[in-house]
Structure formats: C-alpha cells, structure tokens
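Residue numbers (our numbering): 27 to 300.
Because the hints were derived from the structure by calculation, they are not lab data. As the structure is a prediction and not an experimental result, all values here were calculated from the model. Quick reminder that beta carbons are idealized off the backbone N, C-alpha and C, glycines included. It cannot be assumed that every hint is accurate.
Simulated restraints on C-beta separations [said to hold, decoys possible]: (1) E236 <-> I89: 21 to 29 Å; (2) S55 <-> N240: 30 to 38 Å; (3) V41 <-> A296: 39 to 47 Å; (4) D56 <-> I89: 28 to 36 Å; (5) P37 <-> N205: 26 to 34 Å; (6) G232 <-> S55: 35 to 43 Å.
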Amino acid sequence: AEAGAPLPSFPLPGVIRAEVSVNSSEASSDNVAGILRGRHARLRQEYVVVSAHLDHLGTGAAINGDSIYNGAMDDAAGVASLLEIARLLKASAPRRSVIFVAVTGEEEGLLGSRHFAASPPVDRQAIVADLNLDMFQPLHALRLLTVYGLDGSSLGRDVRAVARQFGVGVQGDQAPERNLFVRSDHDSFIRAGIPSLSFQFGFTKGSREEMIQNRWLKERYHAPSDDTAQPVDLAAAARFNRLIAALASRIANQPQRPQWNANSFFRRFARSGN
27 AEAGAPLPSF PLPGVIRAEV SVNSSEASSD NVAGILRGRH ARLRQEYVVV
77 SAHLDHLGTG AAINGDSIYN GAMDDAAGVA SLLEIARLLK ASAPRRSVIF
127 VAVTGEEEGL LGSRHFAASP PVDRQAIVAD LNLDMFQPLH ALRLLTVYGL
177 DGSSLGRDVR AVARQFGVGV QGDQAPERNL FVRSDHDSFI RAGIPSLSFQ
227 FGFTKGSREE MIQNRWLKER YHAPSDDTAQ PVDLAAAARF NRLIAALASR
277 IANQPQRPQW NANSFFRRFA RSGN
C-alpha cells in the first residue's frame, strides 16, 4: 500500500444480503469568499487560500435537554480566526493575493471545499497554497502546534520558521490512526495538487494539555455543549491568529511558490510547476 500498489483481492467464504431504505432531500448552500489583492504586478496573479468551514450539524438528538449543535470550536472559531487574519493581512499588503473562503458542507463530506478546489473563482493553477483553520482548539496556552501536512511540502519549513519567531514548537500528526489529515477541507486542496496545512493546538503525552483536549473530544465534540459557554483561552487564540497571519504573509511574499517534497505521498496529485 505504501508503494501505491493495490492490495491483493481474495474471495470471502460468506455471503451477506441486506436491504437499506434511505430518505433524502436536496439542499443548496453557498461558499463565501473574499480576495485581498496583492501589491506585486506579477505575483498578485497567484493566490494563497485561507479556509475554514461555516457549517456544523444543526439540530439533532437532545443531550441534557439541548438539541442545538452549535459548533463553536467546530468551526465557528475557525471562521472568526479567518476574519481576524484577513484584517491583519490587509494592513501588511502582501505581494501575492490572498483568498479567504468560508466553505460549506464540510460535515457532509467536504462538499464546499471540493467544489471550490475543483472550480475556484480564479485560475486553479494560480493557487499556490491552502492554510486550513478547522477545530484548532484554543483550550490552553499555545506552546506547541500540531501541523497536519507538516512534512508534505516546503510549507513545513515555512511554518517551522514562523513558529520559531513566536516561541512555539511544531510537531506533525500525533495520531495518524485517526486519519485526521484527510478529514478536513485541506484534503480537497491537496487532491487538487495544492500544498496545504491544517493546525491544532498541540500537547505532549501525559500533559495537562492532553487531558484538556481528550476531555473536550469526549464531552463536546459534535455535541450541543460545543457552545460559547465553554472555556476558551482568548489570548492563545489571538496569538494563533498572529502566527497564521505571519505564515500566510511569508508564503504570499516569497519569490517562489511552495513545492511538494520529493518523498511526499501526496506529490502524486501535484500539477506541473509544483
């Protein structure tokens, strides 16, 4: 499988027959995007994307009498950060253009980001990177940042350099068995050949931060209690916003566009030029 070859098939001795009845309905929902135009005559024709998803689960089974699944961390916090990062970048006037997109339908299978990556409002070949803000979890101080896609492209070197300036450590995916790397909107960009990163406040094994994160997953993930009453480290969230804004600025101002690493599994999706 690591070599890219299909696993061998073999017959199963048993046979299962099943019938499934499904009720479905159609709905429409929009992505919301804005563009900050770059200041460089040539590079302004290339784009860095900052993404977050605007949807959550709506209403569902009541838990402790509450049936509204708010999605404060998943992913209203990401959309709020996207807006703040847009404000910060506007003041810095980067050389490349930056697209800020709040995508829809993430919880239904990355629908909005798949559509955006396949049919963006600009030339898809001109999109150089995506920085995805999904459930980054500002539940404690930001000392360590977990970065999904860290070793896939030259963006890994960029995020390490920027995080170092903020005194923040960087680590890769600490739970690959959960397949988090392909469960958020950055995956849509990667499959379109665009180098991408996604972020989460990190922790070390056995730490207080690990306990906080695990308790959140158990008690609040995809539950009504993911609301604005939960504790949030606002100072850490603001620091995260400044870090990601600095990262986006670095990418937008570099003369060369990000490149896939030669040994990256996801390089197979790369387009000509990166």
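A quick look at each hint next to the structure:
Judged by the Cβ atoms, the range 21 to 29 Å given for E236 and I89 holds: they are separated by roughly 24 Å. For the hinted restraint 30 to 38 Å between S55 and N240, the CB-CB distance of approximately 32 Å keeps it satisfied. In this structure the supplied range 39 to 47 Å holds for V41 paired with A296, their Cβ-Cβ distance being about 42 Å. Restraint check, D56 to I89: a C-beta distance of roughly 30 Å satisfies the suggested window 28 to 36 Å.
Range check, P37 to N205: about 28 Å between beta-carbon atoms, so the 26 to 34 Å window is met. For G232 paired with S55, a C-beta distance near 42 Å keeps the hint of 35 to 43 Å intact.
Violation of the numbered hints given earlier is absent; every hint is satisfied by the structure.
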